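Student: Sequence:
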Amino acid sequence: MVPEAAYYPPPPPPPGSVHYPYYQQPPPPQPPPSVAPPLQHHLVQPYFPQHPPPFSSYAPALVPQPSHDEVRTLFVAGLPEDVKPREIYNLFREFPGYESSHLRTPTEKSQPFAFAVFLDQQSAIGAMHALNGMVFDLEKGSTLYIDLAKSNSRSKRSRTDDERSGSDKKARGSSYSRGAPDSGKRIASNCLCKGV
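Plus 1493 on top of the position in the sequence shown (first one is 1) and you've got our numbering.
Just so you know, the hints here were simulated from the structure itself, not pulled from any lab data.
Fair warning: there could be bad hints in the mix.
Claimed, not checked - So the derived label-pair ranges between C-beta atoms look like this:
id, residue 1, residue 2, range
1, D1630, E1587, 17 to 23 Å
2, P1589, D1640, 18 to 24 Å
3, N1625, H1595, 31 to 37 Å
4, G1619, T1598, 17 to 23 Å
5, E1563, M1627, 34 to 40 Å
6, D1640, D1575, 19 to 25 Å
7, S1593, P1573, 17 to 23 Å
8, D1562, Q1604, 25 to 31 Å
9, D1562, G1634, 34 to 40 Å
10, P1589, M1627, 16 to 22 Å
Owing to the predicted nature of the structure, the values given are computational and were not obtained by experimental measurement.
Backbone N, C-alpha and C fix where the C-beta goes; we use that ideal spot for every residue, glycine too.
Modelling step: build the complete structure from the supplied sequences, incorporating the hints.
Tutor: Here it is, written out as structure tokens:
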């Protein structure tokens, strides 16, 4: 095959030959309505222009409203003991419709598990199908089990509350900037030092 041939469309098929399914010819221009349509090949469907229905008949479908009854939260199990909240966030953040996630830390009687909340059930199911059965941690052999939760997660506070509390912390400043006496114990308690 000549390399330049890839840039040109294939030639039209000779009359009476098989039509290429991947290359579609534009439809022929329509004759005036008073003239009877010509006979066409049995595989080609005639084109009849239709008038769209009035706007009010399909307006509700334009803005799909998620049902409050549909579950849009995923339950995530099979996580390793040392899983971090940011790992759950990183797992779901690229999926369309992702809103938030919450990690439940393990106790003596339970394994860690998480919930991921999506905008709608369709988005949640898409993420579930993509990630269910994925090996999350090769070293520990953790395989994810993801299913729709029994009910939707309830947020403790809105995102505007989160933003305001963050700005309040910035406005207050740290104890060091206010001139408070500092002990070495406070600094050490605020940082994570591995191997010390």
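Student: All the hints need checking, so say for each whether the structure fits it.
Tutor: Evaluated hints:
1. For the pair D1630 and E1587, the beta carbons lie near 19 Å from each other, so the given range of 17 to 23 Å is met.
2. Between P1589 and D1640 the beta carbon distance is about 19 Å. The supplied range of 18 to 24 Å therefore holds.
3. A hinted range of 31 to 37 Å is violated for the C-beta pair N1625 and H1595, which are about 19 Å apart.
4. The hint said 17 to 23 Å for the Cβ distance between G1619 and T1598, and at roughly 27 Å that hint is violated.
5. Roughly 24 Å separates the CB atoms of E1563 and M1627, a value that falls outside the hinted 34 to 40 Å.
6. At roughly 23 Å, the beta carbons of D1640 and D1575 sit within the given window of 19 to 25 Å.
7. About 21 Å separates the C-beta atoms of S1593 and P1573, a value consistent with the hinted range of 17 to 23 Å.
8. Between D1562 and Q1604, the C-beta spacing of about 29 Å keeps the proposed range 25 to 31 Å intact.
9. Restraint check, D1562 to G1634: a C-beta distance of roughly 37 Å satisfies the suggested window 34 to 40 Å.
10. Against the hinted window of 16 to 22 Å, the Cβ-Cβ separation of P1589 and M1627 comes to about 18 Å, which satisfies the hint.
Violated hints for the displayed structure, listed by number in ascending order: 3, 4, 5.
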